[in-house]
Amino acid sequence: MQEQNIKSGSFKTVISSEHHLFDLHIRETFQYRDLIFLFVKRDFNAKYKQTILGPLWAIIQPLLTTVVFTVIFGNLAKLTTADVPEEHIMPGFLFYMAGNICWSYFSSTLQATSDTFIVNRFTMGKVYYPRLAAPISTAFSNLISYGIQLAMFMAFWMISFFKDGADISVTPAMALLPLLVVQMMMLAVGFGIIISSVTTKYRDLAMLVGFGLQLWHYGCPVAYGLQLVPEKWMSLYMLNPMSSIITTFRYAAFGFGYFNLGYYLISWGVTLLVFFTGLVMFSRIERTFMDTI
Amino acid sequence: MDDIILKIENVSKIYKLGQIGGTTLREEFQRWGAKMRGKEDPTRKIGAVQYSKGETFLALDNVSFEVKKGERVGIIGHNGAGKSTLLKLISRITAPSTGMIGLNGRIASMLEVGTGFHRELTGRENIYMNGAILGMTKKEIDSKIEDIIEFSELRQFIDTPVKRYSSGMYVKLAFSVAAHLDSEIMIMDEVLAVGDMAFQKKCLDKMNEVSRTRGNTILYVSHNMSTIRELCDRVIVLEHGKVTFNGGVEEGIETYLKASFQNELAIDYTNIPREKHRWTSKLKTAYTAFADEKNIFDAHEQLRILIKWVNEEDVSDLCLRIEFRTQDERTIGTSFLYDFYSGKKDEQGEICVSLDLGSFAPGRYRTKYTFFNKGAHGRIFDAEVVQGLSFRVMSDGEIQWDSKHWGNILLPELRQSSPEGDRT
Chain A
761 MQEQNIKSGS
771 FKTVISSEHH
781 LFDLHIRETF
791 QYRDLIFLFV
801 KRDFNAKYKQ
811 TILGPLWAII
821 QPLLTTVVFT
831 VIFGNLAKLT
841 TADVPEEHIM
851 PGFLFYMAGN
861 ICWSYFSSTL
871 QATSDTFIVN
881 RFTMGKVYYP
891 RLAAPISTAF
901 SNLISYGIQL
911 AMFMAFWMIS
921 FFKDGADISV
931 TPAMALLPLL
941 VVQMMMLAVG
951 FGIIISSVTT
961 KYRDLAMLVG
971 FGLQLWHYGC
981 PVAYGLQLVP
991 EKWMSLYMLN
1001 PMSSIITTFR
1011 YAAFGFGYFN
1021 LGYYLISWGV
1031 TLLVFFTGLV
1041 MFSRIERTFM
1051 DTI
Chain B
24 MDDIILKIEN
34 VSKIYKLGQI
44 GGTTLREEFQ
54 RWGAKMRGKE
64 DPTRKIGAVQ
74 YSKGETFLAL
84 DNVSFEVKKG
94 ERVGIIGHNG
104 AGKSTLLKLI
114 SRITAPSTGM
124 IGLNGRIASM
134 LEVGTGFHRE
144 LTGRENIYMN
154 GAILGMTKKE
164 IDSKIEDIIE
174 FSELRQFIDT
184 PVKRYSSGMY
194 VKLAFSVAAH
204 LDSEIMIMDE
214 VLAVGDMAFQ
224 KKCLDKMNEV
234 SRTRGNTILY
244 VSHNMSTIRE
254 LCDRVIVLEH
264 GKVTFNGGVE
274 EGIETYLKAS
284 FQNELAIDYT
294 NIPREKHRWT
304 SKLKTAYTAF
314 ADEKNIFDAH
324 EQLRILIKWV
334 NEEDVSDLCL
344 RIEFRTQDER
354 TIGTSFLYDF
364 YSGKKDEQGE
374 ICVSLDLGSF
384 APGRYRTKYT
394 FFNKGAHGRI
404 FDAEVVQGLS
414 FRVMSDGEIQ
424 WDSKHWGNIL
434 LPELRQSSPE
444 GDRT
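Line by line, the protein sequences give chains A and B.
Note that the first sequence covers residues 761 to 1053 in my numbering.
Note that the second sequence covers residues 24 to 447 in my numbering.
Since the hints were derived computationally from the structure, they do not count as laboratory data.
For each residue, glycine too, the CB sits at the ideal point set by N, CA and C.
Among these hints, one or two may not hold up.
Taking lysine-lysine and the DSS-like style, the derived pairs with C-alpha atoms no more than 25 Å apart in a straight line are [as the list claims (entries may be wrong)]:
(1) B:Lys281 x B:Lys391
(2) B:Lys317 x B:Lys331
(3) B:Lys391 x B:Lys331
(4) B:Lys161 x A:Lys807
(5) B:Lys167 x B:Lys225
(6) B:Lys186 x A:Lys772
(7) A:Lys809 x B:Lys225
(8) A:Lys772 x B:Lys225
(9) B:Lys281 x B:Lys317
(10) B:Lys331 x B:Lys367
(11) B:Lys167 x A:Lys801
(12) A:Lys801 x B:Lys367
(13) A:Lys772 x B:Lys391
(14) B:Lys307 x B:Lys281
(15) B:Lys397 x B:Lys427
(16) B:Lys39 x A:Lys961
(17) B:Lys307 x A:Lys801
(18) B:Lys367 x B:Lys307
(19) B:Lys161 x B:Lys229
(20) B:Lys167 x B:Lys92
(21) B:Lys92 x B:Lys229
(22) A:Lys807 x B:Lys225
(23) B:Lys161 x A:Lys772
(24) B:Lys161 x A:Lys801
(25) B:Lys162 x B:Lys229
(26) B:Lys167 x B:Lys265
(27) A:Lys809 x B:Lys161
Every beta carbon over 10 Å from chain A, so not counted as near; a handful from chain B, in silico [unchecked claim]:
(28) Tyr38
(29) Gly103
(30) Arg115
(31) Gly122
(32) Glu148
(33) Ile156
(34) Ile181
(35) Glu232
(36) Thr250
(37) Glu336
(38) Glu346
(39) Tyr364
(40) Asp405
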């Protein structure tokens, strides 16, 4: 009779030794949105406390990288900045900046979420809150920096649009931009929580993250245009969801370039697969990670 | 039955021994390679007991109990009895190995105060942060923030980053948030062990009031019997992961105290799992024993204790102090030995100390050994702390000692003296 008491649903919360694969605590995480908001605020404030330039630092880094790329890859190495055979003038500076801000959001979010359990072990070991709140808030606080960078990008976009005679134009494809941001978030958080789940036991993977991201960077059309990729490798190259995201981002922002619906849908498939694999692994590990960390 | 707010049913928690924690893939391979060649595991800590793979430690063994709404339950037991594990399971920090826990209502656990405080944020921001981590919504905190600030006595510093706070202020702020939580179930693990006495009292009163007026349920873990008496109306005693008593406060405390007089003549520390501390200990106590192989002494006898340890790193000018405590954990006095040992890493040390028991009143005593180093300006740095042996001092039969009124120290005998002073 007592046995039925817990199982019969007379308790709101049941903590059991059994775990269902799809117990993802999504609803509970949503209930803690105030906490997520505070985490985001804390991260943002703590990041720029005692700096003079404050959030301006968010644009200095991609701006300088873009300048360097423009000078080195565009002028010296003469790498193509076109994703399709050229019929429009592609403004090199904007081209590199588009790639840089997307990549920097993706890589910084992935890196920051990949050690969720290790970084938060002191609070997580003392009190319960939905563990997913931590990587989600990281993704959102990076989104603030990304937003600042996007504003800078838009400023340069306007300058080119009105002054330079570049061919960029506003097209309906621009509506894809918010969707791309959501996709990047899911992809970065997905990879991040997969890695953080695995690293509770083996810390080795944490060492690989920085290095792996650097290699991955070369595999994305950040510093060069898609034209540089040989046709026979194209389908393999586009399996990398970030390739699709970055080229589609440029297509949406400039109104011309490369867009392949098939590859774009594949990148969404990969993103969703990674994200849900991450959620399942994360919710499995979060139950007992304090015993092994 | 709907007034049962917490139900624990056949809950066990098993910890794997041997290879707990942050192993790297390389160590795993080394371990595996060594095993293939039949050699000793190279990653094993020297002096540690070797557990074969799959060997486990049962921290909680089939525990079941219920708590009704509004009850204030004290959980007592020795170190390693499973109290903290139980609280961790209830507060969902880790999952049980078998069994189920049912909860009705929100839980606020305070396994340590000030969880989630960030040094760069101001006191006010940290109140929001801490409150949210403990499960309050922003609206709830908004409605309480004035009370919290008032309670903390820190109004003038509330918009200063907490990194500029003294440690006392920090604790006060953290307590204030904790004391204003009003979740249906509050879990506390000796949170009141720090902070100044007056403020502790204030917090206890506040929690008492909250639980009485709002009917909140409190689970309280402590070694301090007087707070248990003050705060709780039921006690659960845990012993080696099992519930050995569940009922009235006085009866429970008595059961616990009786059980806590261990008749051990020696303790082998290598088998006792340690709580993780933030600081690293310089050495690990391995073994202690009564040199005379008995634990009951007459007042005119000497207490002689043997202690063995292993150095975790180089140590020099090691000092030892032994704190003597009564059964209800009040320290009655401390005895020191200075600069008795220096040694290299991985060496084993051993010492036998003796103490006249003449000033101990008859009764039962516990000990706590602390190895430490002296620093400049009389400061000391603790290197290792362990619970030591317990012993009993026999009455000489002349009078029945009343420790409740007389204390536990037998001061030097009064002498008859002439009003002009002694001239001896």
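Right, here's what the structure says about each hint:
1. Restraint check: the Cα-Cα separation between B:Lys281 and B:Lys391 comes to about 18 Å, which is no more than 25 Å; the hinted pair holds.
2. At most 25 Å may separate the alpha-carbon atoms for a hinted pair to count; B:Lys317 and B:Lys331 meet this at roughly 18 Å.
3. In summary, the hint linking B:Lys391 to B:Lys331 is supported, as the alpha carbons are separated by about 14 Å, within the 25 Å threshold.
4. This hinted pair checks out: B:Lys161 and A:Lys807 have alpha carbons roughly 23 Å apart, not beyond 25 Å.
5. At most 25 Å may separate the alpha-carbon atoms for a hinted pair to count; B:Lys167 and B:Lys225 meet this at roughly 17 Å.
6. Distance check on the hinted pair: B:Lys186 and A:Lys772 sit about 39 Å apart at the alpha-carbon level, beyond 25 Å; violated.
7. About 35 Å separates the Cα atoms of A:Lys809 and B:Lys225, which puts this hinted pair outside 25 Å; it is violated.
8. About 33 Å separates the Cα atoms of A:Lys772 and B:Lys225, which puts this hinted pair outside 25 Å; it is violated.
9. For the suggested pair B:Lys281 and B:Lys317, the alpha carbons sit about 19 Å apart, so the restraint of at most 25 Å is met.
10. This hinted pair checks out: B:Lys331 and B:Lys367 have alpha carbons roughly 15 Å apart, not beyond 25 Å.
11. Taking the CA atoms of B:Lys167 and A:Lys801, the gap is about 21 Å. The hint holds against a cut of 25 Å.
12. About 49 Å separates the Cα atoms of A:Lys801 and B:Lys367, which puts this hinted pair outside 25 Å; it is violated.
13. With a C-alpha separation of about 43 Å, the suggested pairing of A:Lys772 with B:Lys391 is violated against the 25 Å cut-off.
14. With a C-alpha separation of about 29 Å, the suggested pairing of B:Lys307 with B:Lys281 is violated against the 25 Å cut-off.
15. Only pairs whose Cα atoms come within 25 Å are accepted, and B:Lys397 paired with B:Lys427 is rejected, the gap being roughly 35 Å.
16. Annotation: proposed proximity of B:Lys39 to A:Lys961 holds, straight-line Cα distance about 13 Å (limit 25 Å).
17. Of the pairs offered as hints, the one joining B:Lys307 and A:Lys801 is violated, with about 43 Å between alpha carbons and a cut-off of 25 Å exceeded.
18. Taking the CA atoms of B:Lys367 and B:Lys307, the gap is near 13 Å; set against the 25 Å cutoff, the hint holds.
19. Restraint check: the Cα-Cα separation between B:Lys161 and B:Lys229 comes to about 22 Å, which is no more than 25 Å; the hinted pair holds.
20. Among the hinted pairs, B:Lys167 with B:Lys92 is consistent with the structure: their alpha-carbon atoms are about 23 Å apart, no more than 25 Å.
21. A distance of roughly 19 Å separates the Cα atoms of B:Lys92 and B:Lys229; the hinted pair therefore holds under the 25 Å criterion.
22. Only pairs whose Cα atoms come within 25 Å are accepted, and A:Lys807 paired with B:Lys225 is rejected, the gap being roughly 36 Å.
23. Between B:Lys161 and A:Lys772, the direct Cα distance comes to roughly 22 Å. Compliance with the 25 Å bound is thereby established for this hinted pair.
24. With a C-alpha separation of about 13 Å, the suggested pairing of B:Lys161 with A:Lys801 holds against the 25 Å cut-off.
25. For the suggested pair B:Lys162 and B:Lys229, the alpha carbons sit about 21 Å apart, so the restraint of at most 25 Å is met.
26. At roughly 39 Å between alpha-carbon atoms, B:Lys167 and B:Lys265 are farther apart than 25 Å, so this suggested pair is violated.
27. Annotation: proposed proximity of A:Lys809 to B:Lys161 holds, straight-line Cα distance about 23 Å (limit 25 Å).
28. B:Tyr38, annotated as away from the interface, has a beta carbon of chain A within 10 Å; the closest lies near 6 Å.
29. Every CB of chain A is more than 10 Å from the CB of B:Gly103 (nearest about 16 Å), matching its label as outside the interface.
30. Not every C-beta of chain A lies more than 10 Å from that of B:Arg115, the closest at about 4 Å, which undercuts listing it as non-interface.
31. Against the 10 Å criterion, B:Gly122 falls within the reach of chain A, whose nearest CB is about 6 Å from its own CB.
32. Under the 10 Å C-beta cut-off, the non-interface status given to B:Glu148 relative to chain A is violated; the minimum distance is some 8 Å.
33. For B:Ile156, the non-interface assignment is contradicted: its Cβ lies about 6 Å from the closest Cβ of chain A, within the 10 Å cut-off.
34. The claim that B:Ile181 lies off the interface holds: its Cβ sits roughly 16 Å from the closest Cβ of chain A, which is beyond the 10 Å cut-off.
35. With a closest Cβ-Cβ approach of about 23 Å to chain A, B:Glu232 is found to remain outside the 10 Å limit, as its non-interface label requires.
36. With 10 Å as the threshold on Cβ separation, the claim that B:Thr250 sits away from chain A holds: the shortest Cβ distance comes to roughly 20 Å.
37. Once the 10 Å rule is applied to beta carbons, B:Glu336 is consistent with being away from chain A; the minimum gap is 23 Å.
38. Taking the minimum C-beta to C-beta distance to chain A, about 27 Å, the non-interface status of B:Glu346 holds against the 10 Å cut.
39. The non-interface label for B:Tyr364 is consistent with chain A: the shortest C-beta to C-beta separation is roughly 34 Å, beyond 10 Å.
40. With a closest Cβ-Cβ approach of about 21 Å to chain A, B:Asp405 is found to remain outside the 10 Å limit, as its non-interface label requires.
Going through the hint list in order, the structure does not satisfy hints 6, 7, 8, 12, 13, 14, 15, 17, 22, 26, 28, 30, 31, 32 and 33.
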